[in-house]
Amino acid sequence: MYNYTDFDDSFVRARTAQFAAQVDRRLSGALTEDEFKPFRLMNGVYLQLHAYMLRVAIPYGTINPHQMRTLAQIADTYDKGYGHFTTRQNIQFNWPKLTDIPAILSDLADVGMHAIQTSGNTIRNVTADHFAGAAADEIEDPRPIAELLRQWSTDHPEFQFLPRKFKIAITGSCTDRAVTRAHDIGLRMVRNAAGEPGFEVIVGGGLGRTPFVGATVRKFLPKADLLPYVEAVLSVYNMLGRRDNKYKARIKITLHETGKEELSRLIEARFAELRPLFGGNDQVLLAQITAAFSTPDLRKADTSAFTAFYKADPLFRSWADTNIAAHKNPDYRIVTISLKKHGATPGDATSAQMRLIADLAERFGHNEIRISHEQNVILPHVHLSDLPNLHAALRGSGLETANVGLISDIIACPGMDYCALATARSIPVAQDIATRFDELKLEHDIGPLKIKISGCINACGHHHVGHIGILGLDRAGVENYQITLGGDGSETAVIGERAGPGFAYGEIVPAIERIIAAYLEKRTDPAETFLQAYRRLGLGPFKAALYPDEAKRDAA
Amino acid sequence: MSRAFSPKVVTANDMRSGDVIYLTADDQWSPLHAQAELIENEAHAQLRLLDGQRAKNAVGAYLADARRGTNGPEPVHFREAFRTRGPSNYPHGKQAEQTHV
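So the sequences go chain by chain: A and B. Read in order, the letters of the first sequence correspond to residues 1 to 556 in our numbering. Read in order, the letters of the second sequence correspond to residues 1001 to 1101 in our numbering.
Bound-form chain A, shown alone (with noise of 0.2 Å):
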């Protein structure tokens, strides 16, 4: 993986020597909380509900085990021995005093890791296909530039007060992994007709207030151009984008209000102008970073152990059919850990999980760990007969749960048992159906299922590209869940459809097995997934599942 120069190296210090100046002058009150924040915001720390909470970057999802066990270390010294990773691949803190940070930034700059621009309305960690670099369906890793994009976008002078917040997600396979459709700018490798990688160019998706699925501006870009096209699309932004009405700032919004046409033509028209300024420079430093990425010396072993395993051992066996995926070598396997034990918090890790995770990648993953947005963690390439005992070491971890892909396989965000915006928890909600489902021991049979929660309509948790999506409100002084249907984050995303009213806090989970008893009584067979099954039937069958009185009195 890329390691910090020199340069990155000081650039990072000198900023964390910068921040704990200011930090220093909040405490002495020389700053106001008015003077303050702005800075802190730039550091990525946050006021919360019961405390601050530190958001660390983790670029493109991808960490090496020696920052894993600085993130262990840190858990530990400043906080209550936890991490939560994060919808966009970062892990937050959520208990660091002020006067604690500037040390974490510092711990953090010793093993090249910052908090930079993981918030306020900047270019925001670039969020990656996390099984970029080992994915047997992929074109190229798609890492290289991502990290060109980190670069080029770190403390960039005209990109540091943009209308809104702006997020770019890049994939290099034609399985999209990395919701690139839900992005400001999503990039999804491709090959034009004389076979070369390049981009599509995907403009205006988000989720939010407004959630739209985003327009493809460029079919194909060639990769030389990228840097100069992403920057003519933020230029652009940065000129239309609207200032006045913070729901009305992001680019989706941008698009809507002019128009792809005439957006794609005013990128375009920017770009003839960036282009020839960019002699060639970014791509002698792209060059230079992709050396970094290159596949680590993955070797050639007898693989008899696997199936010796998969035929002897139920457990090995129900977790390697959900938590493996293909590799492009075929001896290998990219191993997803759940981050997602029933009834235990999504993308939590205790300092001990973060610990055994970087000795397993060290063990059996070529020194390499992935984060990803599902807030799950992945070994990116571990070869097949290293997978039994990969498993038993996970064994009483509480990382062992088989259940990738699953309705227990949930995203939430914090929700407002931390986060300030919250309007409802969505943290007990995901516990609760987990634990429920566990109990039915269904999951096996209801099969591939995504359920995404959002504690407040920013939609953190994606719940818009759930298969079931739930949002809380609060209504009227009291928690309220509302349940959109056959919403889709892949290549063929699909904004869900709400399904009607809300629920209350407690109705909830009686609500989704009642979606989850249609689903099972519709389905053609075992192999239609929930999904297929919503395509082929709509909402209707399942809203009548969901609202039974209402479906009463309508036939009445």
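Misleading hints may appear alongside valid ones.
EDC-like mimics (lysine to aspartate or glutamate), calculated; alpha carbons at most 20 Å apart, straight line [claimed, not checked]:
hint: 1; chain 1: A; residue 1: Lys-80; chain 2: B; residue 2: Asp-1014
hint: 2; chain 1: B; residue 1: Lys-1056; chain 2: A; residue 2: Asp-34
hint: 3; chain 1: A; residue 1: Lys-441; chain 2: A; residue 2: Asp-525
hint: 4; chain 1: A; residue 1: Lys-341; chain 2: A; residue 2: Asp-438
hint: 5; chain 1: A; residue 1: Lys-341; chain 2: A; residue 2: Glu-497
hint: 6; chain 1: A; residue 1: Lys-522; chain 2: A; residue 2: Glu-400
hint: 7; chain 1: A; residue 1: Lys-80; chain 2: B; residue 2: Glu-1097
hint: 8; chain 1: A; residue 1: Lys-341; chain 2: A; residue 2: Asp-321
hint: 9; chain 1: B; residue 1: Lys-1056; chain 2: A; residue 2: Asp-107
hint: 10; chain 1: A; residue 1: Lys-97; chain 2: B; residue 2: Asp-1014
hint: 11; chain 1: A; residue 1: Lys-97; chain 2: A; residue 2: Asp-107
hint: 12; chain 1: A; residue 1: Lys-165; chain 2: A; residue 2: Asp-244
hint: 13; chain 1: B; residue 1: Lys-1056; chain 2: A; residue 2: Asp-24
hint: 14; chain 1: A; residue 1: Lys-223; chain 2: A; residue 2: Glu-138
hint: 15; chain 1: A; residue 1: Lys-328; chain 2: A; residue 2: Glu-138
hint: 16; chain 1: A; residue 1: Lys-37; chain 2: A; residue 2: Asp-155
hint: 17; chain 1: A; residue 1: Lys-543; chain 2: A; residue 2: Glu-507
hint: 18; chain 1: A; residue 1: Lys-441; chain 2: A; residue 2: Glu-362
hint: 19; chain 1: A; residue 1: Lys-167; chain 2: A; residue 2: Glu-491
hint: 20; chain 1: B; residue 1: Lys-1056; chain 2: A; residue 2: Glu-33
hint: 21; chain 1: A; residue 1: Lys-543; chain 2: A; residue 2: Glu-491
hint: 22; chain 1: A; residue 1: Lys-260; chain 2: A; residue 2: Asp-313
hint: 23; chain 1: A; residue 1: Lys-97; chain 2: B; residue 2: Glu-1097
hint: 24; chain 1: A; residue 1: Lys-300; chain 2: A; residue 2: Glu-362
hint: 25; chain 1: A; residue 1: Lys-552; chain 2: A; residue 2: Glu-521
hint: 26; chain 1: A; residue 1: Lys-37; chain 2: B; residue 2: Asp-1014
hint: 27; chain 1: A; residue 1: Lys-441; chain 2: A; residue 2: Glu-400
Covered stretches of chain B (in silico footprint by chain A; criterion: 3 or more residues with CB under 8 Å from a CB of chain A, positions within the stretch not fixed) [claimed, not checked]:
hint: 28; stretch: 1004-1017
hint: 29; stretch: 1021-1028
hint: 30; stretch: 1050-1064
hint: 31; stretch: 1087-1097
Calculated from the structure, these hints are not laboratory results. Everything numeric in this text was worked out from a predicted model, so none of it was measured. All C-beta atoms in this analysis are idealised placements derived from N, C-alpha and C, irrespective of residue type, glycine included.
Given the coordinates of chain A, assemble chain B onto it according to the supplied hints.
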């Protein structure tokens, strides 16, 4: 006739620790909701809010609805109730620090 004023407390977060705090009648900040000054007059509420906003060690002071309880003011809205305790997924925050609550 104007609508009846619903009682309030002034609440904020501690500047150093981030902990939830409440303005007391004697101008202290307490971590306990029950020790907050229950403000039952609108004009006084605005004055106390200004006091809270001027305080150096408090961040983001605002007025929150509250009601008289047996041991002191109690929160009305569920958000404020969560702020008196901490998160529901772990025994962290005030609920861990104040076993007598």
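Here is what the structure says about each hint:
no.	hint	result
1	Lys-80/A x Asp-1014/B	holds, 18 Å
2	Lys-1056/B x Asp-34/A	holds, 12 Å
3	Lys-441/A x Asp-525/A	holds, 19 Å
4	Lys-341/A x Asp-438/A	holds, 10 Å
5	Lys-341/A x Glu-497/A	violated, 29 Å
6	Lys-522/A x Glu-400/A	violated, 32 Å
7	Lys-80/A x Glu-1097/B	holds, 13 Å
8	Lys-341/A x Asp-321/A	holds, 17 Å
9	Lys-1056/B x Asp-107/A	violated, 29 Å
10	Lys-97/A x Asp-1014/B	holds, 10 Å
11	Lys-97/A x Asp-107/A	holds, 15 Å
12	Lys-165/A x Asp-244/A	holds, 15 Å
13	Lys-1056/B x Asp-24/A	holds, 14 Å
14	Lys-223/A x Glu-138/A	holds, 15 Å
15	Lys-328/A x Glu-138/A	holds, 8 Å
16	Lys-37/A x Asp-155/A	holds, 17 Å
17	Lys-543/A x Glu-507/A	holds, 15 Å
18	Lys-441/A x Glu-362/A	violated, 34 Å
19	Lys-167/A x Glu-491/A	holds, 18 Å
20	Lys-1056/B x Glu-33/A	holds, 9 Å
21	Lys-543/A x Glu-491/A	violated, 26 Å
22	Lys-260/A x Asp-313/A	violated, 55 Å
23	Lys-97/A x Glu-1097/B	holds, 16 Å
24	Lys-300/A x Glu-362/A	holds, 18 Å
25	Lys-552/A x Glu-521/A	holds, 19 Å
26	Lys-37/A x Asp-1014/B	holds, 14 Å
27	Lys-441/A x Glu-400/A	holds, 17 Å
28	1004-1017	holds (count 4)
29	1021-1028	violated (count 0)
30	1050-1064	holds (count 3)
31	1087-1097	holds (count 7)
Hints 5, 6, 9, 18, 21, 22, 29, counting from the list given before, are not met by this structure.
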